[in-house]
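Chains as they are written, first to last, in the numbering used here: chain A, 1 to 410; chain B, 1001 to 1789.
Hints should not be assumed to be uniformly reliable.
[Stated by the list, open to error] Within a straight-line C-alpha distance of at most 30 Å, the following computed DSS-like cross-link-like pairs (lysine-lysine) qualify:
{"id": "1", "chain 1": "B", "residue 1": "Lys1580", "chain 2": "A", "residue 2": "Lys322"}
{"id": "2", "chain 1": "B", "residue 1": "Lys1426", "chain 2": "A", "residue 2": "Lys137"}
{"id": "3", "chain 1": "B", "residue 1": "Lys1477", "chain 2": "B", "residue 2": "Lys1409"}
{"id": "4", "chain 1": "B", "residue 1": "Lys1409", "chain 2": "A", "residue 2": "Lys137"}
{"id": "5", "chain 1": "A", "residue 1": "Lys322", "chain 2": "A", "residue 2": "Lys137"}
{"id": "6", "chain 1": "B", "residue 1": "Lys1036", "chain 2": "B", "residue 2": "Lys1095"}
Because the hints were derived from the structure by calculation, they are not lab data.
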Amino acid sequence: MLLISVAIFSCSDDDSPLNPEQGDDDNSEEPSEQESRYVVAATPNALEGVADYLLSIESLNSGSVSLIGNGVEQDGTYRYYISNNNKFFSLLYGQGNPGAVTTYQLNANGGLDMISDFQAETVQSFTNVDDEILMTKISRNSTNPIASWYRLDTESSQIVDEGQINTQDIIDNDELAFFTWMTQVGDQVYAPFMSVKACCNDTFGTDYPDQAWIAVYSYPEMELQSIIEDDRTSYIGRYFTSGLGVVENGDIYAFSSAVATTNGEASSTKPSAITKINAGEEEFDDSYFFNLEEASNGYYMTEQTYVGDGVFVLNMDPTASKGAYTTGNRLAIVNVYDQSFVWVEGLPNEDAITSITSQNNYVEDGVVHVGVTTDAGSYIYQIDVDNASATQGVEIEGGTITAISKLSIE
Amino acid sequence: MYFKYFNSLLLTIFVICTIPAIAQENQSIKIHGTVKDENGVPIEGASISIAGTINGVITDQNGIYNLKTKLTGPQQIHVSFIGYKTHSESIILQKGNKYQHDIILEMGYNLSEVMLLGKNEIQEIEALAYNVDVIDASKLKNTSLDVAHALDRVSGIRMRESGGVGSRMNLSMNGFRGNQVKIFMDGIPMDNFGNAFQLNNIPINIAKRIEIYKGVVPVGLGADALGGAINIVTNTYEKDRLDLSYSYGSFNTHRTNVDMTKVFKNDVVVNINAFQNYSDNDYKVNVDVADVNTGAYTRDEEVRRFHNQYHNETFIGNIGVINKSYADRLLFGVTLGQVYNEIQTAQRLVRVFGQRHSRSTIIMPSLKYQKKDLFISGLEASINANYNFGKEQVIDTVNRRYDWYGNYKELGNGNVGGEQSYTHSKFQNNNGLINASFNYKINQYQKVSISNVFSSFDRKQENLLNPSENDYNPPRKSFKNVLGLGYQMEQNDWSATIFAKNYNQVNNFIQSYRDSDNDDLQEIERNNRINNFGWGIAGTYFINDKWQVKASYEKSYRLPTGNELFGDGNLTLEGNTNLKPESSHNYNLGIAYSLQLQHDHHFYIDGTLLYRDAKDFIRPRLNTNQVLQTMENLQNVTNFGGELQINYTHRNLLAGINLTYENLRNNTKYVGGTESLVYRDRIPNMPYFYGNGNLTYNFKDVIQTGNQLSVGYNLLYVHAFYRYWPSLGSGDTKYGIPEQLSHDLTATYTMNDFSFTLEIRNILDKNLYDNFSLQKPGRSFTGKVRYTF
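Same shape as in the complex, but just chain B (with noise of 0.2 Å):
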């Protein structure tokens, strides 16, 4: 009885449940209509969505849609074609109704922004649970940027140079700098590259875009990131293509770039990319110039820098196949440069070189390996491997003081010596590294990453003044190993993914000791290990289709390099092999919203909260004797600052601002067992508040159709900050890098294949510093032409 009444329970509910169903199927409403451009003309594959739905259908030839859908009430229709500007209405849906629904499409400028049904790949990873950053590197081609002015442009990033072309240059994300900010190319650690080729040699155009990590790094990109990564990624290799450009600016700056790709017949690629950059970078500079003699100093000159010329040339050639059964690409390729650089200053601007200078050579080769699908549908495999024998030198071997005219005097009565020390040594890090990861895609929902990175280092130094010293060479080897495990899963709103990484490093190094039992002193062949373990989690949930929220935190740890642990052949930096990884909590929350307004005005606002808990941070400090400076791990540093980000379009402007602030707060309590007096200050010398503005418009049609105008203005700012404690001293008396304002205009005319683009930078002329009131240079023209096919 009991048993019956439950059944029958059953299936009343079950009629109750689909009763609607059927009657909702046959109530399905119908929306038709056509599509149209502004000149009346059908539209045929645009594509017309309910927002929200992945139902979607496609036009005919005659423009003509017919969409059916269950929904009712208000809902948010987009109409989408290439080239076309996105349509979006909202219309109120009956049960039962037919709709007829004609829309007239506008013409668009931007490809990306249409493209709503298929996310191009920038979208794809900024929608990724990680923070990230992405430069379209495309947009930037026709400038003269190199990546790390193109960095520079990023919220969160500050690139700070010593000086012009090529220049010493550090790079801050967050609060964090110098190699504990990791840089990638196509996921491979840069650290191996030496001076020949850095961020601030390479241009943009290697670049397809690049991905700014901040705080959290993929398992992917397996390395020991302490604050964050970018990674560099440059142009595919699959079709035939061909980039041409030079450029011709003030202070005598050239530079020319080719990127060449030729596919033949059974997929054989070949790929090359030189470029050359050159400049005297004399630019001016405003100075007290102490007379060699008596050290008096005349204020405040304007001088020109004189001993300030740097070159590189670059070559990078690929061979290999794609698309084959057991490769999807297949590389060998072969990295070749060399860097000429004069040294026209020290750390600080008083102090000046005439004679003093740099050589780097890079010659690396390399093995890249891709292969989707490999043994087994949904494993994807990518192998990398390279190795620099490339060679370092610095050259002090004239015994001579210079002021800033140019003036010297001799030192020495004729014997030997240098400008700051009598140098020539050449050394040669050896750095090999092979770097492996693995994708497996579960399911459409879920995917594990296996990731590993094997780096090598092996010190050999040679002094070419005192060779005598080149017998005592002890080891000097480093090997590090990074291995990563990753776990994602991604569903229509929402994807997460957990990882854990861990760090292992040997050293291997002769130590000196004192034998107990003969008095002697004896050498004993040392193998320092370190392990860690660090984690992470991130994800990130689509609120709607104009919220995005994102999440993430990570352990993370950075070993330290090779030349922090052995120094850098005793020209500046003396070794200590005692160095302890640092370590880091990194948490981001951000937030994302889009919106549109009367079709054509759309907003993007992305605004993100940070705070790192960072431990062991290495620093420098004098040694002993105070002539080199040592690394040490000193410091903890705290950072809870925030970043916005704020882009415009309209018709063809684009306009931008990000704004980034960082509250570094020293975390260090004590100090040799003493309260410190600046515990919880602001950490000096590092920028703290500054932001970029941008805005471009293109011009269509001009002079004739189809060529294009674009007229681009960037604004750079950095607020005042002091470089030493703030807290500390008389106001008056502090030493300070003072408010820094400098606009960019750009423009460019496309026509056919052809680019051609003027360039002023630091228009109004502003005198510009950075680290230890370093000036940069002042207003320069550049003019660039670019052929693509």
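Isolated chain A (complex conformation) (with noise of 0.2 Å):
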């Protein structure tokens, strides 16, 4: 009795996972001419078993795709896309535990396939250096100042090198250097940090609000070359943010959202602003500075993406709320070779806005793709940085847009 009522039961029921013939084959469409799609990271909007889903969507420009039934599950959210060499890496952040990077490429129908899984560290900067990702994990706990780095070749999703840095040893103070983010310069990689005191319930506060550093390292050794230091702003870059913009004859423009805490508390007296490393040289550009919060009126940058030609999307907010994790929901536009400044206009009111993607836009041919989420809805928005407008593009029901991105089909 009891074996048939079990039998019965496990038949019947709608909700049996791993049951094949649930849902469609990860949201593959018709066969279509175009030979590559949208990857589009969304995480539900729900407060709990929360997992992110991978859309793979032809257009970004009108339409609408709902997670009910569509897109890759991943295992878990608080989850970082990177793409390189074609391929879409997911990397969970695993609360200091490693975690599985699963690998993706889109397959003949334009659907997504996981081609791979490797265990690697919750890291806290992965950057594209060539073809290969470098990914850090970076020491709070001055008991332990000692940050890994992985190089990961995206051919063979392996680690092949990896090495350490002892990040006290970095900046001359009883803190701890702090890589907010890396970025490839030629054959080296820049990481702009900021100095933390790491212990004493204060983990993230500094001593030293109003200075920017920039490590410079050798690649792949990661040997220390240099120590660029500048006065004129705070620290370059934020917490999990790249801070740097290498534009098309080699200059660097260096973003810091004076965002600096001691005690919990804003303590920066710098002003939001865009500093520049001449290409080649190793030291800032004293002629140069371009303060962001006069020409704004009010507004600190929080993030910036690189659009080309010296223009940048930076998103902003007001400096009456500076937080040192906050993302500014108004986008601007600057040229950072007339220091133009100019608001997007067609976008949601700032306050209307729950969420905005900053650092995973996809740029292309002047475009760039931004995820808004309203009380509405979401949406990709495409700003035509030209016109400082945005225009509404697909709506990713029951989810904010995490990341946006563009593979091949090979």
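Got two chains here, separate frames each, mind docking them using the hints?
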């Protein structure tokens, strides 16, 4: 009797996991002549049991895609995405634990196939260096001031080298260097950092809020070459955020949000600004200073996206509510050559926006695709940088957009 | 004239009413006969009664009985005696007749079953208005189960664990989990006891029975349970007893238990309970093994767990007096214990450790006082107090990265570090508890109860790696008080109770703020107060001696715990001092039916419908820089579910199944202002359809007269479930926990005071999983020897 009833129930349930008949095969649509797909990562609008979903979409300009029954489920949320070598990498932020990094490619139908997974550490910086991904796990603990870096070969999806950096030894104070991000500059890697106490109930606080540093490393050896300093701004970039943009002629532009904290409160006296390092030089250009707080009349930048020809899209937020982890809901377009500043028109009001993509925007042909969520839903907007205007594109139903990328069908 | 007429009418009515009564008295029916056993030996002291009446007689030394009744028509006659099966039979009675009725009683094996006239304690509790299940622990004492695994066999309860002996475990009951389900030992809340004394290391032998209250929790168990409570009732102290047992099993698992009570002259009583669990837990798991250097996975390797040892040693001693004028029971005791626990994996199996471990201790003095008829007749008092000086520590000081083969590489070029994070911290929560409850029996039918539980929490924390941080040890205190008041009415065929509870909490901590005048960072000591009222009502009605219905409702609250408020010392949890209580409306409707066919086929069927409407579920989220979890009031959830239990006994055969279905639905419509796509979707990562089946057969007089062999089989079934929201994503890419089916066999041979048990768990060596696909042990064998007297 028991066996019978168990058998009946186990066959008749519609929620049965691992049932291959359920749902469509990795949202593959009709095969089309298009040879590429946009890959959009979305986090469902829910409070627990949340996993990210990867959607492959033909066009970002119109239409609607729902997460119901669609998308490749990721093993949990708090994931970060990067693409390189026509592969899409999904990294788990594992709270200090190594996690699986899964790699996807497009199949002939435009669906996402998982081609491999491998184990990697939880890192706070990951960046493309040619066809490798450089990942760095950074210490926030003064008793153990060791950062570890890993070089991932995107062809084999394996870690090919690793090394350690003592972050206590980088700056000549009693604090640790905490890399905000790393950026390839020619054959070197530039690593801007903030100085952090890494102790005493003020882990990310500092006694040096008015100073900028960039550590320059050789690649692939990751040996410290020099440190570039500047006292006109606070640190470059932010926690988990890139603060460097390399333009076509090799000049490097550095972005400071000026969000250093001491004992949990904003403590920098410097404005949010853009500074510059000329190509081939290893010092800041004293003659260049673009004060963003003045140009925007009371806003500071939180993240930047490089479009081309000296044009960046910036996420901006009012200085009155400065936060070290805030993402600005208002977008501006700046040209770092002539220091022009213009607000983007056509987006929902900044107060209405609950989430906006910043580091994972996708740029193509002078258009920036940005994911925006309001109470009315989530849409990908197309920002035309020439007109500084935004147009509403595809709707992603049920999720907050976290990353936009593009892969080709091979 | 009119008056006279009225008087004569009254007289007439009086006469009409009394005549039949007199007539009936004259026409009382007599039933007589003898009661004998199967060998024709007369039984003295057997009771004979007619169902639905309180009349009953006892046989004399010749087994002869004489029963008088006024009832006519078909009537059920029950005949019972300890050690024999109850005999029931229907006879048709006619006025004025005499009946001779001789009865033969069959030998029975189950004492509790034949005690129909005097219900045993377990039946008494199940007859209460609450939705309650009782595990009779005496039936499980020959197994090697701990309390948690015994609970796993109850309908509506799922025990989820991360591995073998002593592993992290979590109970869920009707959709509530973790701290939402309160656990008591002899009515004392156990949440103060720390890791050193928890359900996963307490042997079943410590318990006499376990009561499981679903949805509605009686006032006597005064605490802030959201969705139910489990009360472990330990063995009593009134008579000399000794219970020794030792078991050895797969994965080098040793368990020993000593339970001893000695009553001296002058009613001084000493009780000692000591137990020990040791296991290497080195069972095999199937895992993708990552290379420590390249990160490349080798698929589906079968590897042995190599850093998974667990052992605990616990001693509970009580000394005191019983049966004194000032106390029925006054006991002073202490619980001493320690746990060593190697941590093999993180939340997921792919993350492996080789050195990380934790230690816990418990040092807890306690006081227990009980007195019936205190000062006045009918007033019963019970007072308990304890204070826990126990410490918890996690040690992660080896800077290595391990793989599943046990290989490792050194990290950090000789610098210090940890496998997860360089940690050696120690903290002590200084939990204190005082619990007092009073019952007053107004008369045979009515009772009032008042109960109060006060508990305190005072965290002291030590960082052994960075002692300079110890100077910064701000107050982290929490005081809770739960006061309950109840009234109970009990009649022959129904009972009802109504109660109210007041929940109070004060949390004392330091908060930093920016002074508006001089812009300096200031610290202020805060006292956050929480004050809530809940109430409930429960009723039961016996339609006849076969059918019972129960209904209950409670508006309940659960206050945040110290760890949720103040974190766990930066191991995994960051505190959130702004937490609000969780609340829930709990409804139960149950119906039970017992049936007897052909004398010796007994069926008991119990069905329950339940509905839970819960708000502000406290759930973990990652903190701002995503290193630790922090608890928040997140989610609203409803659960409309049902449970079904069927038990069957026939002579020496005992069989039962229970099935639970829970329809847990997300009731949070808006998230961050936007309507959620998963509103009303099934809550993921929770088992929602599961059950147990069991079959026991007792062979009498095996090898030698009086020796018994008992063979039992247990089946555990859990339906597959998704780890993330069922409706999202395409079906073939979804992560889930597959269907679980596990078979256990137990055989026990009992002779004199000894019993020998052989147990095989997970006979088919199936891969069993739990949270986040953490794999549990495969087939295991255990042998146990037990001596009782």
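Hints versus structure:
1. B:Lys1580 with A:Lys322: 28 Å, holds
2. B:Lys1426 with A:Lys137: Within the cut-off at roughly 27 Å; holds.
3. B:Lys1477 with B:Lys1409: 42 Å, violated
4. B:Lys1409 with A:Lys137: Holds, at about 17 Å.
5. A:Lys322 with A:Lys137: 26 Å, holds
6. B:Lys1036 with B:Lys1095: Holds, because 27 Å separates the two Cα atoms, which is no more than 30 Å.
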